[in-house]
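Each chain is listed here by its residues.
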Amino acid sequence: MTNDANLLPSGLPRIESMQMRDIVKRFPGVLANDHVNFDVNAGEIHALLGENGAGKSTLMKVLYGLYQPEEGEILLNGQVANIHSPTDAIEQGIGMIHQHFMLVDNLTVAQNVALGLKSSKGKGFVLDLDVVTARIRDLADKYGLYVDPEAIINRLSVGERQRVEIIKALYRGAALLILDEPTAVLTPQEVDEIFKIFRNMAAEGHALIFISHKLDEIFALTDRVTVLRDGRVVGDVLTADVTKNELANMMVGREVLMERHRVPMPVGEVRLKLEDVNAVNDREQPILRHISFAVRSGEILGVAGVSGNGQRALAEAIAGLQPVSEGRVEMDGRDVTNLSPSQMFEAGLSYIPEERMHDGVIKNFNVAENLVLQDHQFPPYSKGIFLNFGTIDSHADEMIREFDIKTPSKDTAVKNLSGGNIQKLILARELDRQPRFLIAAQPTRGVDIGATEYIHAQLLKQRSEGLATLLISEDLDEVMAMSDRIMVLFGGEIMGIVDSDQVTVQQLGLMMAGEKAEDVFAQKDLAAAGDT
Amino acid sequence: MNENLTILAIVLGILHSGIRLATPYLYASLGEMFGQRSGVLNLGVEGIMLLGAFFGFFATFQTGNPWLGFLAAMVVGALMGLLMAFISVTLKAEQGISGIGLYLFGLGASSLLFKTMLGTVEGVSGFAPLNFCLSSVGIDSSFCLSQVPIAGDIVFSHSVMTYIAYALVPISAWVLGRTTIGLKIKAVGQNPEAADSLGVSVDRTRYMTVTFGGLMAGIAGASLSISLLNIFQENMTNGLGFIAVALVYFGGWSPWGVLVGALLFSTVNALQLWAQVLGLNIPSDVAVMLPYLMTILALALPIRRAAQPAALTRPFTRGEN
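Residue numbers (the numbering used here), protein chains in the order written: chain A, 483 to 1014; chain B, 14 to 334.
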């Protein structure tokens, strides 16, 4: 009888308690975890909160056997556990949902689940997918994780992929689940759904660790929060006992301004205009369909959408990096369709690309060089074919001071800077040339709170000086706080352009899932009519 | 009338040669396919084939037993594959360059061994055609399947090495599609991080496929020296190993695709040989270029690329990416 109470719906034993004691993990030059204590019990959802680089992922990789700690021990149900690889972790009932999906795109759900199973669960050499499929259906029923076991992964929505990840862990008998920012690519509705599943799992006796830097989600889901800063635990509190501001302050180590102030601004002339723009990818599939909009001087147009719905293609189509197959792009009334990136640049476009390490800087070049990447062939940075290092250096000093770029020197290779400071460097380079139009793609992704505040302040300052900005972001809070109007993209198509003061997160979520603005607002009117 | 018979004979001859000449392609390409499916491109196939050809020949020459030659070629090929795995998986070296290194090593080593251990071109009696004769006790004459008109010579007059090569096509398809190891290979070549997170050893899987690929390339070489030609001479593979690598791309990383490609190329090869034999008015150099030209054309086909393993030529290190 007691036996039954100790089993999970998956039929496997619970992990009543897990403790990590005095974990120390060093990387060359960095103390990633400095005597960290962390624990979780069956039935509990414990949040691990911290900025990028605070040591959250390192700690969880230690628990999952991907890293070996220099000091400290892990206890499962009070016993010291030896976890040297993911295989060990899986065998002891620990599962991990990674930040990026760990799925093989061209295989089916069942094949992904079957991958790497110990032979006792399959038939050894010969793959028995029928057994796997049946058990997936069984788990899907017990946990409400509905997904077709025979579907190929690249045909599934991101929400479904997330469910596959959870099924993978449950199939292997996970009693303790590490959830590493599992909501990063989901719409608000999908987040609600997955949170229901997580709560249900905790109620059934699973232990859950939830890693996030989104405060709202922590309050919506978790029982307890541990805050990490610079590799150390700075707080372990019950979620009900703290406020959002207190958590933010713990995380950053100082007072944080949670509200951003966007004062209304009169808008000016049209700076950028797209008319019925279409584009296709290298496999001739449409990635932008009938895109038409305009951005005016003094305006920030936010672009919301689940990642991969045409945001990147849109930015690149304007920047001259993605050919436009049909339609027209105008800047300041001039046709600039399919001009080269350098011609767009001369026309007054500045572009903060989404992949800053890949498209924004040259990692091995130093700060001064990266600051003149576009302008180096023009005076005053060069004369004829010769670079003028004097002006390049003094320009770098000026930018470092003005944009508060934290770097040991202007000769430091950019790869040694933090994400936030690299982003400040790109911002300095793109804004210093006083552009007519700015595309900012994911300008604060992976950037610490301090730098985020700074970048937002700069964008608003430029707006007040008349810059027209297209702000592409997957962070809905950012889009809503910064934009005057919000455009939602789905499947390369515009679902609607709405005033940011007149739309709710739920409505944006529906549009992100593919509903047109008209339909979304019609529903609201209907609901309002029903209330009265 | 007579002319028609001659044409028939020539067509039959081309088909017979085509099936026969596909043997080395099949061994080498199927082996290479497993390596590439797991993410490792081995351009050294040609070099491994040369060593396999030499050791297969030498062992047969010394012992008179072609099975010992077969075994020797397998062992040498596997060792070369193991070397490639060590270089590309453990040392994480650039795969294209290390493959070319392996080729040059095989080319040089096989020539040196030939000069010091044989000196002149010799012949052996390698694997003989099977002919599938049914001899009944008491009756003097026996009937052979190879005597069946038309199909008999095309299908039933090859050596055991050729039949094994063809048998390996469905076996490879079965291993890739229906076994746990096949699933691991595909996953490791497509998304090694995902495989690693589920406790599948990326390195072990790649060592296995690359070593197996080497073993198969060794046999491919021996199929030339102890089954098709029954001699060994310097650089006798003559670019065949590189075509075998290209055939993997051509075949869209599938055993059946490889089979189609191998047959197509070997038939073109046979056509070219017959054109020379018949003294057709085509410069023989043009005829010799034909298969290589086809290789380039085949590789330029864009439709194949979708099937390419996503992690091909990308070394794996845990915790990166």
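Check the hints yourself; a few may be wrong.
Below, simulated DSSO-like cross-link-like pairs (lysine-lysine); rule was C-alpha separation at most 30 angstroms, straight line [claimed, not checked]: (1) K696(A) with K624(A); (2) K845(A) with K892(A); (3) K888(A) with K696(A); (4) K845(A) with K128(B); (5) K128(B) with K600(A); (6) K696(A) with K755(A); (7) K105(B) with K897(A); (8) K726(A) with K755(A); (9) K696(A) with K892(A).
The set of hints was computed from the structure by calculation and includes no laboratory data.
Note that the structure is a prediction, hence the values are computed from the model and not measured.
How the hints compare with the structure:
Between K696(A) and K624(A) the CA atoms are separated by roughly 29 angstroms; this keeps the pair inside 30 angstroms, and the hint holds. For the proposed pair K845(A) and K892(A), the alpha carbon gap of about 14 angstroms is at most 30 angstroms, so the pair holds. A hinted pair counts as satisfied when its Cα atoms are at most 30 angstroms apart, and K888(A) with K696(A) qualifies at roughly 25 angstroms. Between the alpha carbons of K845(A) and K128(B) the distance comes to roughly 52 angstroms, so the proposed pair goes past 30 angstroms and is violated.
For a cut-off of 30 angstroms, the pair hint linking K128(B) to K600(A) is broken: about 51 angstroms separates their Cα positions. Distance hint between K696(A) and K755(A) is unfulfilled; the C-alpha atoms sit about 34 angstroms from each other, more than 30 angstroms. Simply put, K105(B) and K897(A) have alpha-carbon atoms about 22 angstroms apart, close enough for the 30 angstroms limit, and the pair holds. For the suggested pair K726(A) and K755(A), the alpha carbons sit about 40 angstroms apart, so the restraint of at most 30 angstroms is broken.
For the hint pairing K696(A) with K892(A), the CA-to-CA distance comes to about 34 angstroms; that exceeds 30 angstroms, so the pair is violated.
When each numbered hint is compared with the structure, violations occur for hints 4, 5, 6, 8 and 9.
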